[in-house]
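Asks: Protein chains in written order, with my numbering: chain A, 17 to 124; chain B, 284 to 435.
Don't read these hints as lab results, they were simulated from the structure.
Some clues are possibly wrong.
Unchecked claim - Partner residues aside, some chain B positions facing chain A, computed with beta carbon under 8 angstroms:
id : residue
1  : Asn-349
2  : Asn-377
3  : Pro-378
4  : Val-383
5  : Gly-392
6  : Thr-398
7  : Arg-401
8  : Ala-404
9  : Thr-405
10 : Asn-407
Yeah, the Cβ is synthetic: ideal placement off N, Cα and C, and Gly gets one too.
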Amino acid sequence: MSVKPRIKLDKKEAKKGDIVEVKALVSHVMESGQRKDSAGNTIPRKILNRFICTVNGKEVFSADFEPAIAANPYIQFKFRAEESGPVVLTWIDDDGSRIVGQETIKVT
Amino acid sequence: MITIFNRRQALAAAAGTVGALLFGVSSRQALAKNDAEEVIKKFTGGKTPTPGRVKLDLPEIAENGNTVPMTVAVESPMTPQSHVTDVLVVADGNPRSGVVTFHFSPASGVAEANTRIRLAATQNVIAVAKMNDGSFFTASKLVKVTIGGCGG
Numbered sequence: 017m018s019v020k021p022r023i024k025l026d027k028k029e030a031k032k033g034d035i036v037e038v039k040a041l042v043s044h045v046m047e048s049g050q051r052k053d054s055a056g057n058t059i060p061r062k063i064l065n066r067f068i069c070t071v072n073g074k075e076v077f078s079a080d081f082e083p084a085i086a087a088n089p090y091i092q093f094k095f096r097a098e099e100s101g102p103v104v105l106t107w108i109d110d111d112g113s114r115i116v117g118q119e120t121i122k123v124t
Numbered sequence: 284m285i286t287i288f289n290r291r292q293a294l295a296a297a298a299g300t301v302g303a304l305l306f307g308v309s310s311r312q313a314l315a316k317n318d319a320e321e322v323i324k325k326f327t328g329g330k331t332p333t334p335g336r337v338k339l340d341l342p343e344i345a346e347n348g349n350t351v352p353m354t355v356a357v358e359s360p361m362t363p364q365s366h367v368t369d370v371l372v373v374a375d376g377n378p379r380s381g382v383v384t385f386h387f388s389p390a391s392g393v394a395e396a397n398t399r400i401r402l403a404a405t406q407n408v409i410a411v412a413k414m415n416d417g418s419f420f421t422a423s424k425l426v427k428v429t430i431g432g433c434g435g
């Protein structure tokens, strides 16, 4: 499954200590496991249950998602710019597969 | 037989209506309770969180419970000495109370996050923030939901 997340940083270049805002959107059904199909069978749960953001290899923010997160999950958060490097966003599916997206921050 | 049955039904319906009128609010709240309280207790280790410092931003009325924007912000300097470590969000009227847990660190800079959540019905959304010194703060907000968001 090649899902490409949409990631946006409010600035590509930042001064050391600046707060950078990250907005990310990824396509996913986030099937809650509560719904039933037309035959009355429960549709099995399939969600992205974990989200992690690292900057230059260091974790700055993460989240555990429950089925109460809406389909095509949107996440917005901030981090403090310390050093230049890749901003890597990873979502982990119930089935163990991962969706990964990357941006770069330049710290001056 | 038929008349008795009908009368019973009518009586039951009448009693139900009176009951609903008398206890409507309280019984609905009782029904709406899921394991939210236990989940919060588990998160705080039995401590009662103090109201304040947490800002929970949700619409008063959500027309579509399938996607409700939610922002949680916690007042904190976010320094290694004093910062927010985790924020638990639960909804007390969903089939399952858990919504999301955010994990912050001093590198987060600001303890603030936004996502979109599902709400099955009108209910309270509760956020509990855990500080690195072991204290807990909380905020809650009642959201009126017009169309539920958990499917049939």
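Asks: Which of the listed hints are not met by the structure?
Replies: Failing hints, ascending: 8, 9, 10.
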